[in-house]
Amino acid sequence: MCLAIAPNQQCSNGIIGRVLRIISSTPLRLFSFCALTHSLILGSLYIHSATPGAYINKYAFAYGLSYGILALLAFGYLLTWLPKKYSLPPIHYGRYSTIYLFMMVGLGILEAGIFASNKLIFAGMFLLIPGWLMTFQCLWNIHIWINSGAQQINRILMLLLSLNFITLGLSVLGQYVSASKLTTLATLSSTVLIWPLLIATTLTLLLNAPAKGRVISP
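Offset between the sequence shown (1-based) and this note's numbering: plus 3.
It is worth saying that the hints were derived from the structure and are not from the lab. Nothing here was measured: the structure is a model prediction, and the numbers come from that model. Do not rely on the hints blindly, as some may be mistaken.
To be verified - Just the calculated beta-carbon pair ranges, DEER-fashion: (1) 179 - 21: 42 to 52 Å; (2) 211 - 19: 39 to 49 Å; (3) 196 - 133: 39 to 49 Å; (4) 108 - 51: 14 to 24 Å; (5) 180 - 87: 19 to 29 Å; (6) 161 - 51: 37 to 47 Å; (7) 87 - 203: 13 to 23 Å; (8) 203 - 49: 34 to 44 Å; (9) 22 - 185: 35 to 45 Å; (10) 206 - 32: 39 to 49 Å; (11) 206 - 122: 35 to 45 Å; (12) 179 - 136: 13 to 23 Å; (13) 17 - 179: 19 to 29 Å; (14) 118 - 39: 18 to 28 Å.
A virtual CB, placed ideally from N, CA and C, is assigned to each residue, including glycine.
Go ahead and model the full structure; you've got the sequences and the hints to work with.
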């Protein structure tokens with residue numbers, strides 16, 4: 004059963020349906036579930052890679068971690084808590100569930116390609132791009148409504164996300180033209196340099212939220 008079950012639609016009263024609606028009720032819950040699921044899959048594949056005779060593309064682990072797992076956690080946190088902290092309407096279910104589907108399918112294809120197929124790895128990485136772009140659109144819509152002080156911090160956040168997106172594009176390009184040095188450099192830059200700054204900026208933005216903000220009706 005797919006997790007794309009709208010949280011406000013009673014399409015199933017069974018236990019599984021209720022659990023899935025709880026999981027999909029916010030971007031943070033849904034994206035964290037996806038990140039946890041794919042973390043377990045990547046961890047299992049990594050353990051399998053230690054068996055004799057196993058050939059696994061280990062570069063794909065870094066791609067999945069930086070542009071999939073970490074991105075899902077960051078996106079879920081931002082799309083859930085930014086609207087709450089700044090008294091804005093929650094992100095529409097249709098938007099964040101579409102982001103989830105692109106990220107889930109992209110990671111699934113990437114994981115399938117880890118064993119042998121560079122083409123599948125490329126296809127999986129490429130499918131992550133729409134999820135990133137849709138997240139940018141949601142964050143920009145939030146940016147318009149937050150106060151000027153928060154906008155200054157959010158500009159830094161958007162810049163760091165844009166830099167991370169550029170490294171994603173470089174990784175996809177490197178995978179397409181079989182330039183391992185380019186993909187490795189881009190992925191390491193994302194994981195080691197950009198993500199720590201993104202986490203710090205996100206915490207600063209949320210901690211500086213006003214005690215009471217404007218209430219914007221949906």
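Hints, verified against the model:
Under the hint 42 to 52 Å, the C-beta atoms of residue 179 and residue 21, about 43 Å apart, fit the expected range. Roughly 40 Å separates the CB atoms of residue 211 and residue 19, a value that falls within the hinted 39 to 49 Å. Against the hinted window of 39 to 49 Å, the Cβ-Cβ separation of residue 196 and residue 133 comes to about 25 Å, which falls outside the hint. Separation of residue 108 from residue 51 is about 22 Å and conforms to the stated range, judged on CB atoms against 14 to 24 Å.
With their beta carbons about 43 Å apart, residue 180 and residue 87 fall outside the hinted range of 19 to 29 Å. The supplied range of 37 to 47 Å is met by residue 161 and residue 51, whose beta-carbon atoms lie about 38 Å from each other. Residue 87 and residue 203 have their C-beta atoms about 20 Å apart, which keeps the hinted 13 to 23 Å range intact. For the hinted restraint 34 to 44 Å between residue 203 and residue 49, the CB-CB distance of approximately 28 Å leaves it violated.
The supplied range of 35 to 45 Å is met by residue 22 and residue 185, whose beta-carbon atoms lie about 42 Å from each other. Separation of residue 206 from residue 32 is about 20 Å and departs from the stated range, judged on CB atoms against 39 to 49 Å. Between residue 206 and residue 122 the beta carbons are some 39 Å apart, a value that agrees with the proposed interval 35 to 45 Å. Between residue 179 and residue 136, the C-beta spacing of about 18 Å keeps the proposed range 13 to 23 Å intact.
One distance hint, 19 to 29 Å for the beta-carbon pair residue 17 and residue 179, is violated here, with the actual separation near 44 Å. Separated by about 22 Å at the C-beta atoms, residue 118 and residue 39 satisfy the suggested range of 18 to 28 Å.
When the structure is compared with the earlier hints, violations turn up for hints 3, 5, 8, 10 and 13 and for no others.
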